[in-house]
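Asks: Spelled out from the first residue to the last, the chains are:
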Amino acid sequence: MLGMVNQAVEDMARSLGGESLWLKIAEGAGLDPEVGLLRMESYPDELTYALVGSASQVLSLSPDQVLEEFGKHWILYTGENGYGQLLKGAGQDLKTFIGNLDLLHGKVESLIPGTRCPRFSSQELGPNCLRLIYRSHRKGLGALVSGLLKGLGERFGTPVSVQILDPEEDCQAFEICWEQAP
Amino acid sequence: MKVLRQLFPFSLVVNRQLKVLTWGDSLCKVTPEVCRRGTDLSQLVRLERPHSTEVTRDFLLSCRRQGQIWRLNTSQLNLRGQVVVLPKERIFLAFTPVLSSLQQLEQLGLDLGDLGVLDNSIEFLMQAQLQEVAMADSTRLRQVLQSKNAELTRQRLELETAQEIAQLGSFEGPADGPYVFSRNLYRLLGLSAQSQIDLSDLLALYAPLTDQFNLASLLQGGTFDVQLGEVWHRWTVYRANDRISGTVQDISLQKHSENQLLQAKLTAERANQAKSDFLAMMSHEIRTPMNGVLGLTELLLNSVTEPELRDMLDLIRQSGQSLLVILNDILDYSRIESGQMPVELREVQLQPLLSNLMQLLSPQAERQGVGLELRMDRDLPAWVRTDPTRLQQVISNLVGNAIKFTHQGKVVCRVSHRDSLLQISVQDTGIGIAPEHLARLFQPFVQAEASTTRRYGGTGLGLSICQRLCRMLGGDIAVESVPGQGSCFRFWVAAPPAQAPGPSLCKPVADLNFAADLRILVAEDNLVNRRVLMGMLGRLGLSATVVENGRLGLCECQKQGFDLMILDVEMPEMDGLELIRRVRAGEGGVPNRDAYIVSLTAQARERDQEGCLEAGANGFLSKPVSLSQLQQALRPLARG
Ligand code: HEM
Numbered sequence: 007m008l009g010m011v012n013q014a015v016e017d018m019a020r021s022l023g024g025e026s027l028w029l030k031i032a033e034g035a036g037l038d039p040e041v042g043l044l045r046m047e048s049y050p051d052e053l054t055y056a057l058v059g060s061a062s063q064v065l066s067l068s069p070d071q072v073l074e075e076f077g078k079h080w081i082l083y084t085g086e087n088g089y090g091q092l093l094k095g096a097g098q099d100l101k102t103f104i105g106n107l108d109l110l111h112g113k114v115e116s117l118i119p120g121t122r123c124p125r126f127s128s129q130e131l132g133p134n135c136l137r138l139i140y141r142s143h144r145k146g147l148g149a150l151v152s153g154l155l156k157g158l159g160e161r162f163g164t165p166v167s168v169q170i171l172d173p174e175e176d177c178q179a180f181e182i183c184w185e186q187a188p
Numbered sequence: 003m004k005v006l007r008q009l010f011p012f013s014l015v016v017n018r019q020l021k022v023l024t025w026g027d028s029l030c031k032v033t034p035e036v037c038r039r040g041t042d043l044s045q046l047v048r049l050e051r052p053h054s055t056e057v058t059r060d061f062l063l064s065c066r067r068q069g070q071i072w073r074l075n076t077s078q079l080n081l082r083g084q085v086v087v088l089p090k091e092r093i094f095l096a097f098t099p100v101l102s103s104l105q106q107l108e109q110l111g112l113d114l115g116d117l118g119v120l121d122n123s124i125e126f127l128m129q130a131q132l133q134e135v136a137m138a139d140s141t142r143l144r145q146v147l148q149s150k151n152a153e154l155t156r157q158r159l160e161l162e163t164a165q166e167i168a169q170l171g172s173f174e175g176p177a178d179g180p181y182v183f184s185r186n187l188y189r190l191l192g193l194s195a196q197s198q199i200d201l202s203d204l205l206a207l208y209a210p211l212t213d214q215f216n217l218a219s220l221l222q223g224g225t226f227d228v229q230l231g232e233v234w235h236r237w238t239v240y241r242a243n244d245r246i247s248g249t250v251q252d253i254s255l256q257k258h259s260e261n262q263l264l265q266a267k268l269t270a271e272r273a274n275q276a277k278s279d280f281l282a283m284m285s286h287e288i289r290t291p292m293n294g295v296l297g298l299t300e301l302l303l304n305s306v307t308e309p310e311l312r313d314m315l316d317l318i319r320q321s322g323q324s325l326l327v328i329l330n331d332i333l334d335y336s337r338i339e340s341g342q343m344p345v346e347l348r349e350v351q352l353q354p355l356l357s358n359l360m361q362l363l364s365p366q367a368e369r370q371g372v373g374l375e376l377r378m379d380r381d382l383p384a385w386v387r388t389d390p391t392r393l394q395q396v397i398s399n400l401v402g403n404a405i406k407f408t409h410q411g412k413v414v415c416r417v418s419h420r421d422s423l424l425q426i427s428v429q430d431t432g433i434g435i436a437p438e439h440l441a442r443l444f445q446p447f448v449q450a451e452a453s454t455t456r457r458y459g460g461t462g463l464g465l466s467i468c469q470r471l472c473r474m475l476g477g478d479i480a481v482e483s484v485p486g487q488g489s490c491f492r493f494w495v496a497a498p499p500a501q502a503p504g505p506s507l508c509k510p511v512a513d514l515n516f517a518a519d520l521r522i523l524v525a526e527d528n529l530v531n532r533r534v535l536m537g538m539l540g541r542l543g544l545s546a547t548v549v550e551n552g553r554l555g556l557c558e559c560q561k562q563g564f565d566l567m568i569l570d571v572e573m574p575e576m577d578g579l580e581l582i583r584r585v586r587a588g589e590g591g592v593p594n595r596d597a598y599i600v601s602l603t604a605q606a607r608e609r610d611q612e613g614c615l616e617a618g619a620n621g622f623l624s625k626p627v628s629l630s631q632l633q634q635a636l637r638p639l640a641r642g
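Each protein sequence line maps, in turn, to chains B and F.
Going by the working numbering, the first sequence opens with residue 7, and the numbers climb by one from there.
Going by the working numbering, the second sequence opens with residue 3, and the numbers climb by one from there.
Calculated from the structure, these hints are not laboratory results.
Honestly, I wouldn't trust all of these hints.
[What the hints assert, rightly or not] Part of the chain B face toward chain F, derived, beta carbon under 10 Å: (1) M7; (2) G105; (3) L109; (4) C135; (5) L136; (6) L138; (7) I139.
Beta carbons: idealized from backbone N, C-alpha and C, even for Gly.
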C-alpha cells in the first residue's frame, strides 16, 4: 500500500506519544526509522499489517481499534496535510464526498502506478443515511473504512454512526447515518 | 442533448441570436445569476482568444475549426471552447473549465463530480499535487541521505585515522575481485592512492612469493607474517560467503620486541642453566673437602678417647653432615632443574620402608621433645611400585621439617592407598604458616618468612624439591595450615600395588674379610682424601700404594701388578678415566689388565658414573666415601 496511507500510523503514533512511540512501533514493524515512510512509495501490504500489529502491541489496543484510529487520523491530519486540496476537491459535504470516493480512487489508481485502490458504490437510505459498498483486494480493513468515515463526519461537522454489516464474499457494506448539518 | 450536457457539464446551447437556450449544470453552479433562458451570450462570457472581440454568429462559425478561450463574466474562470453547429441554426458551445489548481475548484464551489467524465484536467491537477508530495518526499530523503553520508564520511575519516595510528590498511571485495582498498593500505605499501591495483599487484611487491604466501593461500584466509624489505607486515584474511576481507598491518615494532623478548628469554634460560651448573659445580667442589673433614673426623673419633675432645669431634661431624644435607639439596635441585634427576621404579615393601624411616627420624623428634607417630591404613598393599629413594626423600624432608617447626605436641604421618595412589600426610602441631605465605611455599629458595631462615636454617629448597619429586612420581603435594595450630602437608604419588619380587640377592653388609696381602693402588690428588682412604683401608686391615695422579699411577702399574685400584676420576696430568682406559688396554702391563677397578667420583652424578663404567671400571664410589660404602664396593674381593 502506498506510503501516504501507512503514514497515518506514523502521524498517529507521533501525536499520541511523540517520536519515541513512533520509533518503537517502527522498530516493531522492521522499518528503518531514520528513513521513515515515503508517501509516494508503494510498500508491500505486509508492512501495513506489521505497522498495525506493532502499534497494537505497543499501545495495547486491538488491531481493529488501531485501524479505526488510523482511518480517523488519516482524514483529519495526514490527508489534510498532504492532500488537503484533493480532500476539498472531493466534496464539501459528507454525501458528495462519499459519492465521489470511487471516482477519486479511480483517478488515484490511474495516476499512481502500482496502486490497487478499493472500489466504492453507495445507495441512499433516506435523507441522512446511506449504504456504502466497499470492495478491496485486501482483507481485514473494514475497521479502517469505518475510521475513515468517522473522520469524514468530523471533518464536515456532521458526526456519523457507522454500522459494519457482515462481510460478504467480495464486498463489505456499511450503513452510515449522520445528523443534518446545522 | 442531455447526454451532451452530461459530457460537457459546462456547455451552453444558443439560438441564432446568440441567446441562451440550455446550459450544463456545472456552469450554472458557478454563475447561477446569469444562467437563465434568454440571457445574451455576451452577458455570460466574453472571448479571450484568438482575440477579444465582439462575438457574432458569423465570427463563431468562422472559428469552428479552432478552439477558443472564453472567460466567464462573473468569475475568473476561463473556459476552453469548441463550436458545434446544431440543426435549426443552434450553436453548441462545448466549454470545459481551465483549472490551474485544485484550490480553484474549491473556490468555485465545485467538486470532482462536477467535471465532465472526459475532462481530464483534474488528473493533471491531482498529478501536480501528488508530484508535490513526491518532491517533498525526495527532498526529505535527500536530507536523510545527506546526513547519513556525512555520518559515513565522518566514520570513514575516523577509520582512516584509526588505521593510520594502528599502521594498518584494509581491503574488501568478492573473492574474484574487484577489491576496495583503504587509503592507508596504499600508504603502508608505498603506493600512490590513484593507482589502479588488485590483490596480485600487492602480492607482487613481496616477490618472490612462497608456498605459504601467495594469492591462492591468501584467498583461503589466515594470518601471514611477511617481510617487505626491512618492514614486517601481517596479513590477516577472512573469507566468508565468497567475500574476502583482510587487513595488512605493519608489525615491525612488534616483531622487534618479540625478538627482544626471545633473546631475553634465551639469556634468562642460559643464566638459569649457568646458575644450575654453578650450583652443581660449587656443591661438589665443597663435597670434596667435606669428604676429607668427615672422613678424618670419623677416623679421629675411632682413636680419640678423651671425652671433651670426642664431644668437639662429634660436633664437627654433625656440622659437616648438615652441610652435606644442604649440598645434597642444592645438587638435587639443580639436577631436577636440568632434568637429570633419575627416577627408578621398582617393587617396594611399604611397611618396613616406612617404619625404618620413622626410626631414623625419631632421635631428632626425641631431642626436640616432640612425639612422632606413624599411622598406616589397614588395607595398605604390602608391595607397591614406585621410586623408594625419592619417596623416602620426600617423607623425611616433610617429617624433618615438621619436627623442626614443632615445639610441643606431635607429628603424625598417615599413610593410605587408593586407586593406585599412595597418599601420605604429615601433620604437626607446630607454628603453622600464614595464609599469605602458603602460595609461595613451594617456590625455590623461599621459606615462609625470611626470619624463618635465620631461626631454623635450611636452604629453602626442600619443599620445592619435594613438590618436583612428587610430580615426577605422578603426583603432587598440597598444604593446609593454621598459624599457631600447625600444618598438614599432604602428598600423593603413583604407586600401583605390586607382587613381591623374587628372593633378594643382597646379604647384610656384615663384617667382610679381605686378604691382607691384597695389592692395592690408590690414585688421588687430594691429600686429605688420600689420608681418609688410607685410614679406611687400614681399618679394613689393608694397605695400598698411593700416587697423586694418573700418570704416576700408570708408572706404578708398569712396575708391579695390582689386585685392586681405587682411582679418582678428576686428577691433574692424567685423569682417572684415562688411566682406566690405558690399564684396560694393557699399557699398565698384562697382569693389571684384569685388575678390579673402583673409580672415585666427586659428583654424585649418574652421568659420571656411567662414564666410569664405560671406560672399564668395575664399580664406583662417590665422595665423600664412608667406611661402609668402601666395604660394600670392595665386596667382590672379600674372602669367604
Ligand atoms: C483525498 C482523499 C483520498 C485519497 C487521495 C486516497 C487515496 C488512496 C490511496 C493512494 C490508497 C492506497 C492504494 C494502494 O496503495 O494500493 C488508498 C487506500 C484506501 N482508501 Fe483512500 N484515499 C482518499 C480518501 C479515502 C476515504 C475518505 C476513504 C473512506 C472510506 C478511503 C478508503 C480507502 C481504503 C479503505 C483504502 C485501503 C486499501 C484497500 O482497502 O484496498 N480513502 N486510498
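Asks: State for each hint whether it applies.
Replies: Against the structure, the hints:
The beta carbon of B:M7 comes no nearer than 15 Å to any beta carbon in chain F, farther than 10 Å, and the hint placing it at the interface is violated. Contact between B:G105 and chain F, as hinted, is supported at the beta carbon level, the nearest pair being about 6 Å apart and thus within 10 Å. For B:L109, the suggested interface contact is upheld, since its CB lies about 6 Å from the closest CB of chain F, less than 10 Å. A cut of 10 Å between beta carbons decides the hint on B:C135: the least distance to chain F is about 20 Å, and the hint is violated.
The restraint placing B:L136 at the interface with chain F is violated, with a minimum CB-CB distance near 15 Å, outside the 10 Å limit. At about 16 Å, the closest approach between the beta carbon of B:L138 and any beta carbon in chain F exceeds 10 Å, and the interface hint on this residue is violated. Contact between B:I139 and chain F, as hinted, is not supported at the beta carbon level, the nearest pair being about 18 Å apart and thus beyond 10 Å.
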